[in-house]
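Peer 1: For chain A, the structure is supplied; the task is to place chain B on it using the hints.
There are 2 protein chains.
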Amino acid sequence: VSFSLTILGSSSAIPTSQRFPTAHLFNAGERFFLIDCGEGTQIQLRRFRIRFGRINHIFISHLHGDHVFGLFGLISSFGLMGRKTDLHIFSPPQLESILESHLNTFGHERQFAIIYHPLTGSKPKRILDEARISVDTIPLKHSTPCYGFLFREKEKLRNIRKEVIRFYNIPVKDIMPVKEGNDFVQPDGTVIPNAVLTYAPPPVRSYAYCTDTQILPKIASQIEGVDLFYHEATFLRKDEALAKKTLHSTAGQAAKLALDAGVKNLILGHFSVRYKTVQPFAEEAALHYPEVHLANDGDVYSIEPGGLVFLKSIQSATAGQINDTDT
Amino acid sequence: VSFSLTILGSSSAIPTSQRFPTAHLFNAGERFFLIDCGEGTQIQLRRFRIRFGRINHIFISHLHGDHVFGLFGLISSFGLMGRKTDLHIFSPPQLESILESHLNTFGHERQFAIIYHPLTGSKPKRILDEARISVDTIPLKHSTPCYGFLFREKEKLRNIRKEVIRFYNIPVKDIMPVKEGNDFVQPDGTVIPNAVLTYAPPPVRSYAYCTDTQILPKIASQIEGVDLFYHEATFLRKDEALAKKTLHSTAGQAAKLALDAGVKNLILGHFSVRYKTVQPFAEEAALHYPEVHLANDGDVYSIEPGGLVFLKSIQSATAGQINDTDT
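For the record, the sequence lines run as chains A and B.
Under my numbering, the first sequence has 284 at position 284, and the numbering climbs by one with no breaks.
Under my numbering, the second sequence has 279 at position 279, and the numbering climbs by one with no breaks.
Don't take each hint at face value.
[As the list claims (entries may be wrong)] As a list, the in silico BS3-like pairs of lysine-lysine whose alpha-carbon atoms are at most 30 Å apart:
1. B:LYS276 - A:LYS84
2. A:LYS245 - B:LYS84
3. B:LYS244 - A:LYS84
4. B:LYS244 - B:LYS218
5. B:LYS162 - B:LYS179
Read the hints as simulated data drawn from the structure, not as lab findings.
Source: prediction; values computed, not measured.
Pulled out of the complex, with its shape left as it was, chain A reads as follows (with noise of 0.2 Å):
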């Protein structure tokens, strides 16, 4: 089952001619879950070839523009290619009336319904329980009310051992019970023990996104040991004191973060366009966490049950790049 990543957009506000701003496809079983909209978004999705009319649900970090503005186009654009699905988007509240505005003054002729989940709130919610996974909000710490977003398949049910089941002549209907953990008991009495008829299911994988914000040491143990973490690093030491001021973080800072919660793997963007290349942030968080990764539009991550399989960059390399435009 597949539960994997593209970068749609890695710059932060400023896009480049190689970084699109912020948005990211997350894929778990295939169902298809986008995170944050930045300009261009409909394009991106389009270059790297996903099938994106099945994106059902759209979840918005925060009300700036590199991470919303490419929702007017897509959702144009899902008008026009005659999508009759329901459309889930999860942000804070105020995107309700930005949108309807727009879509009263720009909207074509629309068959599928927008529905509305404002997130609110400064403690981690669930806002999304379904048979296979769920999504929890990470409170951030932005100038403008932000989220994080906390994805993690639901534990999967045991995996039984064919030949013993067959051997104890375990009804079907007795097996559902099995799997979810439960002794099978004879006709006679005698009880045999789930271990003896199962064995566990791959571990449950989970993936955290957290930007924009200033450092927040706290979320440490709501996104402990997950899989894969995407964490904004806008800056680089030098300029902390500007990280500070804008509420944003650094590469070390977001390093020290991803060690401390014990995530098997970071992946660090969002660089600011100040910069010329990614070198210096791959170094300064290599000082606190051993392997980091630093997006790049069209970067696919797979996670396997037993840990990180970086699968393939979809585009040509962008040679470390930031900044590469006079303009």
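Peer 2: Leaving out everything else, chain B in the frame of chain A:
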């Protein structure tokens, strides 16, 4: 003096992996005019290495998303980049309230003024009149008020023949009247005809931009003989009924108009994603107009006094594709 056009987006309402929504960058003597601003325009400007901080005038043909949605991000980036120069926006009047409401919600600190120039009326109007160039509206017919734009250089001063000026000892103060086409009268009353003193300046160059619109044969007189004519060709003849219904044009209709108007060069664009390739657009247009250019993102057309030079395609060839994605 430069007089060139860069295609930033050549798709219609839905962008593709190869074609962004509509936007043109027109450079007249190093004055940069942005014409329409579809989603991702600022990214294309960076990709094509255009110093877009020099854009002081933006012309919006009409208020459909694929011609407007890039404005929000572009203006936001201007703010973040520290722009201080006034920005002039020419558009149907409703844009002002839309954009101002946006800037109130998403706006960063901004050190430059936006000056709105509402486009109105059903007759051509001069909306910009500078020393070297003028811009007139070309009223079009679409499902919402829509205007094309005619850019035309001002008549230049005549070139003086230096050796003749020297021969007649013409004082410096009398040079300008001669450049303006006047004869020179010597102290003894002898008239030296201007044609002896000067030769003609290069002819003025012009560019006409028309999208989105149903075909309007009556505009032929306004655009007569322009050096470069961009017209939308959303559909092919086989879908002419659909073109009529949606107030768009076919490739054949646009080419026939180009022939009637005696334009020197024709570029078609705004291709519907219902078609897989652009080849049929060229074939259909060739039935009416001898040589047609099909717009690709990144193409640069430079108009020399003697006619058109196709400079180069900045980005890799699109191989004539329109829609290569399946969503």
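Peer 1: Now tell me if each hint is right for this structure.
Peer 2: Okay, the hints, checked on the actual structure:
{"no.": "1", "hint": "B:LYS276 - A:LYS84", "verdict": "24 Å, holds"}
{"no.": "2", "hint": "A:LYS245 - B:LYS84", "verdict": "23 Å, holds"}
{"no.": "3", "hint": "B:LYS244 - A:LYS84", "verdict": "26 Å, holds"}
{"no.": "4", "hint": "B:LYS244 - B:LYS218", "verdict": "16 Å, holds"}
{"no.": "5", "hint": "B:LYS162 - B:LYS179", "verdict": "12 Å, holds"}
The earlier numbered hints are all upheld by this structure, with none contradicted.
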